[in-house]
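Read off the chains here:
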Amino acid sequence: MISSLTAEKLACVRGDKNLFEGLSFRVKAGQALAVEGANGAGKTSLLRLVAGFLAPAAGRLVLKTAERESDDAEERGKQIGWLGHQDGLKPQLTVFEQLNFFAHLYGQRADRAALEQVGLARQADLPCRYLSAGQRRRLALARLLASRRPLWLMDEPFAALDSAGQALVGQLMARHCGEGGIIIAATHDPLGLANESLKL
Amino acid sequence: MSPFATLLWRDIKLAARSGGSAALALSFFALVATLVPLGVGADLRLLARVAGGILWVAAILAALLSLDRLFQGDFEDGSLDLIALSPLPLELTSLAKIAAHWLSTGLPLTLLSPLLALLFNLAPGPTLILFVSLLVGTPAVSAVGAIGASLTLSLKRGGLILPLIILPLLSPAVIFGAGAVSLGLDGLPAANALGLLAAFAFAAVLLSPFAAAASVRLNLGG
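So the sequence lines, in the order shown, correspond to chains U and B.
This note's numbering puts the last residue of the first sequence at 225; the count rises by one with no breaks.
This note's numbering puts the last residue of the second sequence at 308; the count rises by one with no breaks.
Keep in mind that a hint or two might mislead.
[To be verified] Each pair of labels, with its calculated beta carbon distance range: (1) Lys242/B - Arg147/U: 34 to 44 Å; (2) Phe296/B - Gly195/U: 41 to 51 Å; (3) Ala185/U - Ala91/B: 24 to 34 Å; (4) Thr90/U - Leu292/B: 31 to 41 Å; (5) Gly159/B - Gly195/U: 31 to 41 Å; (6) Ala209/B - Asp150/U: 43 to 53 Å; (7) Phe90/B - Ala36/U: 32 to 42 Å; (8) Phe296/B - His110/U: 29 to 39 Å; (9) Leu304/B - Ala138/U: 31 to 41 Å; (10) Arg243/B - Arg200/U: 37 to 47 Å; (11) Leu117/B - His110/U: 37 to 47 Å; (12) Ala66/U - Ser113/B: 42 to 52 Å; (13) Arg147/U - Leu147/B: 39 to 49 Å; (14) Ala36/U - Ala109/B: 47 to 57 Å.
To be clear, the hints were calculated from the coordinates, so they are not data collected in a lab.
Backbone N, C-alpha and C fix where the C-beta goes; we use that ideal spot for every residue, glycine too.
Please construct the entire structure, taking both the sequences and the accompanying hints into account.
Pasting the structure below:
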């Protein structure tokens, strides 16, 4: 289980643009960090940096568990549950096939309960091409639950969701933090449960 | 099911349900093989002589039709981010995609080739050599193609650049594959040419996942 994630004087450069530098924060188990900022401020880049897709121009990220500390991006990646701004769904696969694929890919068993939690149990055998934008987002959330990873990185988690969907995301995030997980969410909307916020 | 088998099975399922890639490749292969005899004429000896080269080039071009989507679909819809965070290393991810491409395109092309060889008046012996050469050599097409597909991943209209990258790299496959068929036509043993083709394919399948994974990594960060 992760104890904390610490960023030490991070800098990110994309092309010839310096998005941020000297960025430091610490998120402990059970906490959520809301990353706020204008469009293009570097919120998504920060999430991709934490995920290990991008290498920082300076600084480091340290993941601390009960046993050890590590700044290895690959090791950190194995702890991450990802909810990007794209849903990563294939129109040719059914809702359950989609969930089943990612669950197995992450070494987990597919669980229809995850679909029930996000209100998609009745659509389990429906091809994803028939889902609305909000339902696609709910399926992406079910996939995040099925990954059973302790560190959630969420890019605009409330996007495309109605008020019930937004409330559901809030509940799931609160439960994840309650179980000792960590959340870093890039958002324009208040998370409600953020213990800390970071303005880029 | 292991993560490798899970990804392999999903990609085969997607190829089958998309209804386009394999059927398109087979149709293209069949059309080229039908048109060439019409263009060359009724010289049966000439047709048999050019069969190996024409069918090998046609098979490569047919396989190319679906190669640009090898990583691009997953890259565009965000799946590749999720796959990259899974326990499956990107090298094995690339290998699974190469295997899925071969099973959904290279293998069907190979299975169709004896039928198309009839249009070229190819005798049973050289037809068998053509079949074996495609069976052994088409994995190299998928493997080398994976390198090109990963390099053009974030390029708009990368599919147009892809052939320029991979066709020169596939010239050994054409030389050894078509050469084996020619040797068979002349009644000479084709084992050496097939052996060289197998060595090329083995090296391509062994090394290309590493090159493709490195390129995918760069694109995920870009």
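Taking the numbered hints from earlier one at a time, note which ones the structure violates and give those numbers from smallest to largest. The structure breaks none of the hints.
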